[in-house]
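Undergrad: Got chain B; can you put chain V with the ligands on it based on the hints?
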Amino acid sequence: MSNTIIKIKNLSASIEGKEILKGVNLEVKAGEVHAIMGPNGSGKSTLSSVLAGRDEYEITGGSVEFLGKDLLEYDPEERAWLGLFLAFQYPVEIAGVSNMNFLKTALHEKSKYLNEDPISAKDFLKRVKEKAALVELDDKLKNRSVNEGFSGGEKKRNEIFQMAMLEPILAILDETDSGLDIDALKVVSNGVNTLKNKDNAIIVITHYQRLLDYITPDFVHVLADGKIVKTGDKNLALELEEKGYDWV
Amino acid sequence: MAYTEESLKTELENQEYEYGFTIDIESDRAPNGLSEEIIRFISAKKDEPNWLLEYRLNAFNIWKKMEEPKWAHVKYKKPDFQDICYYAAPKPKKELASLDEVDPEILRTMERLGISVNEQKKLTGVAMDFVIDSVSVSNSFKEKLGELGIIFCSFGDAVKEHPELVKKYLGTVVPTADNFYATLNSAVFTDGSFCYIPKGVRCPMELSTYFRINEAGTGQFERTLLIADEGSYVSYLEGCTAPSRDENQLHAAVVELIALDDAEIKYSTVQNWYPGDKEGKGGVFNFVTKRGICEKNAKISWTQVETGSAVTWKYPSCILKGDNSIGEFYSVAVTNNNQQADTGTKMIHIGKNTKSTIISKGVSAGHSHNSYRGLVKIGKGASNARNFSQCDSLLMTDTSGAHTYPYIECENSTAQLEHEATTSKIGEDQLFYCKQRGISEEKAISLIVNGYAKEVLNKLPMEFAVEAQKLLEISLENSVG
Ligand SMILES: Nc1ncnc2c1ncn2[C@@H]1O[C@H](COP(=O)(O)OP(=O)(O)OP(=O)(O)O)[C@@H](O)[C@H]1O
Ligand SMILES: [Mg+2]
Chain B
18 MSNTIIKIKN LSASIEGKEI LKGVNLEVKA GEVHAIMGPN GSGKSTLSSV LAGRDEYEIT
78 GGSVEFLGKD LLEYDPEERA WLGLFLAFQY PVEIAGVSNM NFLKTALHEK SKYLNEDPIS
138 AKDFLKRVKE KAALVELDDK LKNRSVNEGF SGGEKKRNEI FQMAMLEPIL AILDETDSGL
198 DIDALKVVSN GVNTLKNKDN AIIVITHYQR LLDYITPDFV HVLADGKIVK TGDKNLALEL
258 EEKGYDWV
Chain V
354 MAYTEESLKT ELENQEYEYG FTIDIESDRA PNGLSEEIIR FISAKKDEPN WLLEYRLNAF
414 NIWKKMEEPK WAHVKYKKPD FQDICYYAAP KPKKELASLD EVDPEILRTM ERLGISVNEQ
474 KKLTGVAMDF VIDSVSVSNS FKEKLGELGI IFCSFGDAVK EHPELVKKYL GTVVPTADNF
534 YATLNSAVFT DGSFCYIPKG VRCPMELSTY FRINEAGTGQ FERTLLIADE GSYVSYLEGC
594 TAPSRDENQL HAAVVELIAL DDAEIKYSTV QNWYPGDKEG KGGVFNFVTK RGICEKNAKI
654 SWTQVETGSA VTWKYPSCIL KGDNSIGEFY SVAVTNNNQQ ADTGTKMIHI GKNTKSTIIS
714 KGVSAGHSHN SYRGLVKIGK GASNARNFSQ CDSLLMTDTS GAHTYPYIEC ENSTAQLEHE
774 ATTSKIGEDQ LFYCKQRGIS EEKAISLIVN GYAKEVLNKL PMEFAVEAQK LLEISLENSV
834 G
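Chains B and V, in that order, give the protein sequences.
In our numbering, each residue's number is its place in the first sequence (first place is 1) plus 17.
In our numbering, each residue's number is its place in the second sequence (first place is 1) plus 353.
Any given hint might turn out to be false.
As the list claims (entries may be wrong) - With a straight-line cut-off of 25 Å between C-alpha atoms, the simulated BS3-like cross-links for lysine-lysine are:
id	chain 1	residue 1	chain 2	residue 2
1	B	K26	B	K46
2	V	K807	B	K121
3	V	K823	B	K129
4	V	K796	B	K129
5	B	K157	V	K513
6	V	K796	B	K159
7	B	K159	V	K807
8	V	K513	V	K495
No lab work stands behind these hints, which were simulated from the structure alone.
So here's chain V without its partners, still in its complex pose:
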């Protein structure tokens, strides 16, 4: 059963005083700071079973002994973890009467992205008065998925309705003690998405978190668990090209993908969190752990277009456990002004005849820094493993930086590894050539960058690709120097 805000509230009000809190269970917001008490509060608020509370507490105890990683090529003021609010009830977004009330800059961007007026309203929380009844659209969508046995719901609902699946797979790809931010997430995550594709089912549509965004609201500690059972296929879209502002500075999500034998998961992300002002003030810190595991003959393909956030730290990875499994990583990361991104992937080859492909395209403008960090690891048993890596960097200015840190650990001599890397500066000659043909600088940059990133953009589902192209254009406005 799905909860509405009201039914959840009533139920919690009627619940017995179980854990001996001093925090008022009725409050919609936990006091700032992190303690066992806060975690119990979150768990109770979400009416969770005991095993999940234990899972959280265990993570918290591990986290207390951990230190923030310092190896990434990023500089930022460390968040004060005792000054963050770890639980706030998802407030229904304040409904606005018309688009006139929305930040005109956001509207302008959406217009340029080609987002329709109706979608603009939906995304900014303006009351929808006509044409699309978004509830009925998403309902008929759910009905169709239901017929196929596909489960696609919020993480919170999954815990209640499919506890056996959640319990079986949660933390199996990203173990509790994995890394500082993932462990923190395991202790305090508030919601996220859950998806299960049954055996042999090919999901007939692109699954997009967008359909749920208004229901659940994205938290700062999101948790996503996606399971593709044997022989199934799913393409999953995460994020949105529209600029997202968020009052929470720190975002630490965890995404776990499980591709069982012969299954295939295509996971695409477009991330456009607020990067802050020109100095990067007020921008989002995005520390994400994304990892998938492939069983026999399975395939996981990560595609990402990253343009937002002040600081990004993100390495979508694949554990190629099953024989003949395939991992892919296609990434475009754009940084401008004072943004910093340290992103890449890990391909862990364990099974025989496993194959991985890494295509990373960095674009740095302004004073930004863009790093690729990748690990290709070939285990002892991974005979005939193959990897192809290509890491290109494009510099738009003399003041921006591109860095590449490819790591290789190979324990099997039958492996074939290929690595290519290039760094180039956007050519004055190219820009002038375009301008001479009547293409303005802005459009010329967009053409050149989109051309450069084409291999990756081509991997995105059509509907995303067009918006992503425009997004690159907008992100690089006035960026040449």
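Next up, chain B with everything else stripped away, as it sits in the complex:
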């Protein structure tokens, strides 16, 4: 029980009066990798947005426990400080704000919340260097404005770079593989695998079995019409690839 990272119980959520999540149940323990697959529009991104705390969504039922805390009670930034990270399906551009400034601000805000000493400039640079190497992020991109003018693949790589910098306890990767070429896919997966350890957990949302060749999931879930309709091991993904979602 104590190694449970997140426990989602019967979670329902709607937007503009339209119910999208219709009772999601999911438990993720430390050291695990879960994959969520499912047809377009089934609610995968909605689930990650709701967990991250986007306030456009109305929670209509259920509960979420994160590290023993009632996650839904916290603001998005507090959830981040507690160790939740979301790699966005569509990362946002922020003109005029360098990636470095962005990350430094994020780390400082976190240490302020946790009452820790802020990371020194030296340690910060060291960490940047180390983590950028991990995902082979181009030096130039580090100093450019956040995602501004980045290619689709560069944006995704930058998401994993940020994840590496922030060292979350639970990372949700929403279609991080979409738009990556095969080499980038290997690099990014390799990065994710390096970051994975026995104390953290990862939820990967994907449409392609291909990613799961590199990041091996302990569980694969199928989300359809706002509910998890099937759960299995990595062979489920292979089966889905073959037979499509109609089969479940």
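TA: Chain V with the ligands only, in chain B's frame:
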């Protein structure tokens, strides 16, 4: 010779009864209202030469026939010009024993701006007991400038010590009849700053009115005259990021810059006058006329960060008279709650190959209104003139407004003019992205706005830029909706 309060008082007491006043020359305060008599009183109080009194009276006579301009996109209750006191002797600020006596809200803001405890004391008038002897700092500063022949003093001192320079240049860029508020200022200005950089001299430090602020005190009708002689350079900082409260509601300053051949003036302003409460009550009305003239190959660059005042009306401008001269305007104007700002620039191209750049970044929050108003005028003789204008507006709420009024008058077909304008609303997506990374809303807004305004902030001298960034953050607290 500089006057101390005491020596000025004694001298005035001994002075002969010259003009036949009915106002007691010894009084420290003129009765409310504006009349020829009041103007004579001000002039006598300041022991001015006759030509300056004539200058004031002429302005007053013109002003009487003028009407307040109504074209700006601002609404406010017109000041009652007969209910204003036009002269009050600069009182030494009441010295406070400790920071405990200062409005805690002001202190909090200063802390957040990163202003040191010593500076906080200086700015709020708390007795300074240790570390910095501000007098000796400013004295050694003046000594250094003196060696280079740079004159930097209060306007009043300049009239006494360098009358030939003042007489030669006063009113040459902003003529007496220029506009309602400038004309009023010409009639009643009480003090301000004067600066002269001699030929070929590069002023080695940022000149800041801050060094003088405690000596002279800023009046509500400030007058600034800055002359950069041939081939000289100066960077001048005006204002302060610390919130300034003022009992005077109306501020109508005039700033004149003169850049002679090959000279360069960089003039930076951070303005944070009290904007009033949430309804804008009690806030300062800031009606400023700022203009510079460039002779051959000269350059004037205005940079401003405007966050204060209830109503702002301000158009720092350049007259590009000399061939190859350059004018620049970089501005960030933030309005929140019920603030109103109508600001922009005029670039008047007269000489050949003249160039101007306008970068204006407006940010509107709350119920505020933020307007850009700019004129680019290309005269007949201004062949190959070039202008680039970029006017961006960022809206923080659905209830705020941004307006852009670009005017172009072009009389020369060889001119190249480019204009770009954008209006965007601060993105929920951007804010959420920041928050998800652990950046609180307040910090996220600050990051996004500072990123948006970066082009302008980069033009500020370093020491100002850091404070200006924090100032933007504070001005936009709780502003998204
Ligand atoms: N802001 C919104 N307003 C209205 N409907 C919305 C909004 N956001 C999401 N939806 C709807 O919710 C449903 C679920 O969307 P969601 O993005 O969660 O799907 P998904 O499973 O991530 O799909 P994909 O595989 O295409 O990324 C869709 O029908 C979508 O149109
Ligand atoms: Mg999705």
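Undergrad: Next step is simple, just say for each hint if it's right about the structure.
TA: Here is how each hint holds up against the structure:
1. B:K26 <-> B:K46: 14 Å, holds
2. V:K807 <-> B:K121: 18 Å, holds
3. V:K823 <-> B:K129: 18 Å, holds
4. V:K796 <-> B:K129: 13 Å, holds
5. B:K157 <-> V:K513: Violated. B:K157 to V:K513 sits at ~58 Å, over the 25 Å cutoff.
6. V:K796 <-> B:K159: With Cα atoms ~20 Å apart, V:K796 and B:K159 stay inside 25 Å; holds.
7. B:K159 <-> V:K807: Since the Cα atoms of B:K159 and V:K807 sit roughly 18 Å apart, the hinted pair holds (cutoff 25 Å).
8. V:K513 <-> V:K495: 18 Å, holds
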